[in-house]
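Visitor: Top to bottom, those sequences are chains V and R. Numbered per this note's numbering, the first sequence finishes at 111, counting up by one with no gaps. Numbered per this note's numbering, the second sequence finishes at 111, counting up by one with no gaps.
Honestly, the hints are just simulated from the structure, not real lab data.
If several chains are the same, the list does not tell them apart, and a pair holds so long as it fits within one copy or across any two.
Derived SDA-like pairs (lysine to any residue); straight-line CA-CA distance at most 25 Å:
hint: 1; residue 1: K22; residue 2: T100
hint: 2; residue 1: K38; residue 2: C83
hint: 3; residue 1: K22; residue 2: E64
hint: 4; residue 1: K66; residue 2: H94
hint: 5; residue 1: K38; residue 2: N105
hint: 6; residue 1: K87; residue 2: S59
As the structure is a prediction and not an experimental result, all values here were calculated from the model.
Okay, here's what each chain looks like letter by letter:
Protein chains: 2
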Amino acid sequence: MGATKTANFTDNQNAIATLAKALGHPARVAIIEYLMKVDTCICGDIVNELPLAQPTVSQHLKELKNAGLIKGSIEGTSICYCIDEKAIEQLQHYFAIITNNLTNKKNNCC
Amino acid sequence: MGATKTANFTDNQNAIATLAKALGHPARVAIIEYLMKVDTCICGDIVNELPLAQPTVSQHLKELKNAGLIKGSIEGTSICYCIDEKAIEQLQHYFAIITNNLTNKKNNCC
DNA sequence: TTTTAATATTGCAATATTAAAATATAAAAT
DNA sequence: ATTTTATATTTTAATATTGCAATATTAAAA
Chain V
2 MGATKTANFT DNQNAIATLA KALGHPARVA IIEYLMKVDT CICGDIVNEL PLAQPTVSQH
62 LKELKNAGLI KGSIEGTSIC YCIDEKAIEQ LQHYFAIITN NLTNKKNNCC
Chain R
2 MGATKTANFT DNQNAIATLA KALGHPARVA IIEYLMKVDT CICGDIVNEL PLAQPTVSQH
62 LKELKNAGLI KGSIEGTSIC YCIDEKAIEQ LQHYFAIITN NLTNKKNNCC
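With the hints as constraints, model all of the structure from the sequences given.
Guide: Below is the structure:
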């Protein structure tokens with residue numbers, strides 16, 4: 002097939018998967034790290050930071066935006082992209098829950 | 002193309018992307034949540050928990066294992082799968098760094 | 001040693017992703 | 001008005017993923 006059976010999972014499972022998937026490419030991780038690093042968020046030079054062509058970077062940015070990891074607004078010829086903190090916090094919180102749950106159980110059988 | 006230019010990114014970027022990618026499918030998120038939920042980790046019944054055929058589940062487990070998110074050891078006919086806590090902690094820590102970095106900067110321009 | 005039960009592997013069709021060249025758009029600068 | 005600059009979109013090609021049927025493996029049970 003190739004099409005994910007999205008409907009068969011919970012909304013939260015799909016939400017986490019969507020966020021994780023968006024970070025499932027080193028270029029998009031690199032973009033997030035660059036957005037974190039720069040003070041200003043007029044980010045026209047992301048292309049120069051990455052070993053990828055401009056259309057490819059643009060596409061990666063689109064995916065990050067679709068997934069809700071970054072937000073952006075138009076500023077003349079350049080676009081202002083920022084990390085959407087809520088999404089990162091959502092991920093952090095999710096993994097914190099798992100970590101807590103595991104340390105409580107201490108089932109080190111593997 | 003379609004092949005990711007892995008070599009052009011840092012080891013850490015690739016590591017995070019690998020972990021994130023493995024969680025980039027709701028079935029694999031569901032598997033992690035199931036492993037978290039059960040006390041014992043003799044998890045032969047993951048297949049019954051998911052709306053997917055056994056080979057598909059097996060494949061998803063393999064991907065989680067390759068990415069280092071779960072570990073498993075053979076126990077007779079059944080396999081003992083567990084979450085690899087280190088991987089989850091690595092993710093949590095990574096997102097914590099980003100969150101901290103952002104709240105320090107307070108660049109709410111988007 | 002055959003059966004059974006649990007899991008893995010293989011092969012393949014359907015679909016998705018990745019990358020970039022070519023092209024488009026749209027605002028700022030000349 | 002034309003050029004430049006920055007970004008997006010479209011198209012095309014290569015590759016990867018998803019899902020499952022069929023089959024294989026493996027070890028315990030009968």
